[in-house]
Each structure stands twice: as structure tokens, then as C-alpha cells.
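Peer 1: Sequence:
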Amino acid sequence: MYNFTTISKPRFGKARSATPSQPTKVTLTITLEHLDNFSVPKTFATGDEVGGYVSMEMPEPTEFDAVSINLEGTATTFMRPPLLSPGGSNRDHKRSETFLTLQEPVGRSELRRVRTMDVGWFYQIPFRFEVPLDQRKPAKWQEDLRESVRKAQLMLPPSYEKNSVPSTAPNMASISYCIKAKLLRNDTATPLGETPRVITLGETSRVIRIVPIVKEEPLLPNCSSLGKESNAAATAYLEGKAWTGSQGKMEMEMAQPKSLCVPVSIGYDTCQKESVGTRAEMRLRFEPIEVNGVPPKLTQITANLRAATRVSSNSMSDCPYRIGNRADGTYDGLSIETIPLVGGTVHQVKWQRDLTGHNQDTMSSDKPGGHRYLTTVLPLHLVLPLKKQYLPTFHLSLISHFYVLILVLSFRMHGEAMSPKKESMRLEVPIQVSSELFVNRESHFSDDSDGDGS
Numbered sequence: 006m007y008n009f010t011t012i013s014k015p016r017f018g019k020a021r022s023a024t025p026s027q028p029t030k031v032t033l034t035i036t037l038e039h040l041d042n043f044s045v046p047k048t049f050a051t052g053d054e055v056g057g058y059v060s061m062e063m064p065e066p067t068e069f070d071a072v073s074i075n076l077e078g079t080a081t082t083f084m085r086p087p088l089l090s091p092g093g094s095n096r097d098h099k100r101s102e103t104f105l106t107l108q109e110p111v112g113r114s115e116l117r118r119v120r121t122m123d124v125g126w127f128y129q130i131p132f133r134f135e136v137p138l139d140q141r142k143p144a145k146w147q148e149d150l151r152e153s154v155r156k157a158q159l160m161l162p163p164s165y166e167k168n169s170v171p172s173t174a175p176n177m178a179s180i181s182y183c184i185k186a187k188l189l190r191n192d193t194a195t196p197l198g199e200t201p202r203v204i205t206l207g208e209t210s211r212v213i214r215i216v217p218i219v220k221e222e223p224l225l226p227n228c229s230s231l232g233k234e235s236n237a238a239a240t241a242y243l244e245g246k247a248w249t250g251s252q253g254k255m256e257m258e259m260a261q262p263k264s265l266c267v268p269v270s271i272g273y274d275t276c277q278k279e280s281v282g283t284r285a286e287m288r289l290r291f292e293p294i295e296v297n298g299v300p301p302k303l304t305q306i307t308a309n310l311r312a313a314t315r316v317s318s319n320s321m322s323d324c325p326y327r328i329g330n331r332a333d334g335t336y337d338g339l340s341i342e343t344i345p346l347v348g349g350t351v352h353q354v355k356w357q358r359d360l361t362g363h364n365q366d367t368m369s370s371d372k373p374g375g376h377r378y379l380t381t382v383l384p385l386h387l388v389l390p391l392k393k394q395y396l397p398t399f400h401l402s403l404i405s406h407f408y409v410l411i412l413v414l415s416f417r418m419h420g421e422a423m424s425p426k427k428e429s430m431r432l433e434v435p436i437q438v439s440s441e442l443f444v445n446r447e448s449h450f451s452d453d454s455d456g457d458g459s
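Residue 6 is where the sequence shown starts when you use the working numbering, and the numbers rise one by one after that.
Simulated from the structure, these hints should not be mistaken for lab results. Mixed in with the good hints, there may be bad ones.
Here are the simulated lysine to aspartate or glutamate pairs, DMTMM-like style, with alpha carbons at most 25 Å apart [unchecked claim]:
| hint | residue 1 | residue 2 |
| --- | --- | --- |
| 1 | Lys156 | Asp139 |
| 2 | Lys254 | Glu428 |
| 3 | Lys47 | Glu292 |
| 4 | Lys355 | Glu258 |
| 5 | Lys393 | Glu433 |
| 6 | Lys185 | Glu258 |
| 7 | Lys220 | Glu77 |
| 8 | Lys220 | Asp53 |
| 9 | Lys99 | Glu208 |
Please read these numbers as outputs of a predicted model, since none were measured by experiment.
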């Protein structure tokens, strides 16, 4: 049970009045603990406690029946249907879904003690929530989804407020967490035998920011011509001069790299001081037409990260992880931001000659059977640019935010000028962005949310 404390004067920040039409004007204010202590994080992570109190002010004695204090998470999408949609309407389609509701129990015995308030008195009701790992309970329709999809959609997403914090999320989606407080009273005019109508005497809300700890998930499936499920591959057939015909086949392959792990304390920080990166290997295989065929000369490699956010007006039954995947909603949208990671000239590439079906030391050019080819490996160090803000990968029923690595390898045939048609190969590889708890929490957000009344 909580003790209700009376104080003599208001001293708790800005107040919000939610129901001016009521004869009694009730003012509720939400105050977070250690609001002025900048060493305490104002961005909350998984397992953090969100504590504070709700103060109530009334100008006259007022009867009430309940106090409701909740921590809620809401996802909202803003979609514009196609011009030729059924009905011909081009109005924006807004869809909201509350995916998290945590209630702070307030004992009725405590309520009876302060059911009638004296004029000008202020009361405090403490609350404390712990940021959970997931949404606790799936919706009924989610029970029929694949286990991996259901698990992904139940994980908590990071905060993203429309037009508030610049990030890799678009303005067609919003994810917010807030503390909501309501003072309720049952309508005494309800006819006997019917459920009493609940009247809201006053309400307020306070937005908080949550960035959950997101662990790296198992490798995502992909299509590979080389037979490895989690690898992405591309193939190009290289042509020479008109009288020489085809010179061979080039295959490019890359396994999904380890996730880019962003510390929570700099995940939204506009002044990142530490680099976040991962390593990857690009494997190349050249199969020449002639026995002594020479592989192409590699000239340049570039890597870009595409941050993609897909939104839907209806609940999605799958988790998109490639840009080409479409949501299954009636109206859906896709926003993509390209972030350059690495680029430069390729130097000192060492090719290794091999023979399919034979050991390298026993291979000879005149030995029958098998296919001759050359292989090499290009190591890549992928680093996120500084002074950029990144959301971890997440999938909700209405919003999915994911990343794709775009690799472009440029080359030219041995002894030939750069070909304008066959000069490059392109590869798309899914990659995850995870988050971890950073020990030095001083770089968290300052709390600039003075309370948005709802």
C-alpha cells in the first residue's frame, strides 16, 4: 500500500487540466524522480525503473472512486492511400495500436482515506515501473503466427516521436511511451442494474524515452546460389572482345555480418564519440573459360547501409528483412535512408587457383575432370558514421525497422579498358543493428518533456 501525503502548496512543475467541462477543475501533475539530477539517465533501457509521483490539486472538496496510473506504449502509422484506391479517397489513414500497458496498483484502503479532499490541498501518489523485456502477452491474432515472427513482434521497440528526434526513422511512423494518470468517479446517475459510467475528473500524461536492450538474433535466411542459406550471392558472366567470346563467370558471396551494436547511451546521442562497427568478408570466385584465364582486375568497392522502415495500415503477419519484401496491409509504405559506410580502391588482391573435386597441391592444367576456378577473400571493416543516430532493428505488427547492406564491386577485365556495361556487381545483405547498455550513462538525454496532456 502507498501512503498519500498532503502538502501545503504546489511546487511540482507544469500542470495539465484534462476536463474543463466538469464543474470541478482537477489538476494532475506527473513528476519523475531525480528530474534535476543530470547524472541520472533520462533515457530508460530494459530493466530500468521509472519512478516518480502524481500530485493532485482541487479547488474544492471532490468525491472520486479510483486513481489510474499506467505506463503505456503506442505505435501509430500515418498512411496516404493511392489516388486510385477504392472510394477515391486520398485522406491520410491513421492507425494506432497500444502494445504495452503496465498498471500501478493503488489500494482502495488508501483511496478511502482521501476520498474527500479539502480546498487547496495537494496529494502525492507514488508510482514505480520496471521497463520489461517484451510486451508480456501476445494479442489473440498473434497466436497463429510463426514462433519467430511472434517473438520478434513482442519485443519492445525503441521510442520514436514524430518530428521530435532526428534518426533513421521516417515521419510516417511514431512510437511513444508515456506515463498516464487519471482521476475517476462512477456516475451516480446510472440506472439501477446497469454498469456505472466512469467519469474522468482529470488526466495527464508524460512522455518518456525508452531504448530497449536488443540482442543479436540468429542469422536471417537469404537466397544463395552457392547453397548456403544465410549467405547472399551474385553472379556475373564476363564477356571479352567480339572475337574472344565469354571470358568466364564471376561469383560474389558474403555471409551476414555480426550485428552493429549501438550503446544505449549514444544510440540517440547527437555527439557520438565512439565508433560502432563490425567486420565482414566478401568471397569471390572466378571460373575462366580458358585453362589459363586471368581474373578481372578489381578496382573499387563501396558499402552503403540502407535503413528501411516499412509501415502498414493493417497488422503484418511477417517480419520484412529485405527492401523488396512488401507488407500485407491494405495500405503500406516504405522509407529508405542510405548511409555510406566504406569506399575505396582495392589493392593487392591475391587470387588462389583451385580445382573442384581435387586438392590444390595435386591439381594440374592437363588433368581431366573438374572445373578450374580462382578464389579470393576481401576483408571489410564496416563503421557507422559519427554524429548520426540509429534505431536498433525492431518489428511490430504495424511498423518494421530493418537494415540492408548494399555492396558494389567494380572491376575491369585484364588488359581491357573499363567496360561501361559489365564493370560492377551488386550484392544486398541483411544486417542487424542491436543495442547494449553503456556503463557511462551521463550522455543520456536530458528530460525535455515537460508533460504533454492527452
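Peer 1: So which of the earlier hints does this model not fit?
Peer 2: Per hint list: 3 and 6 violated.
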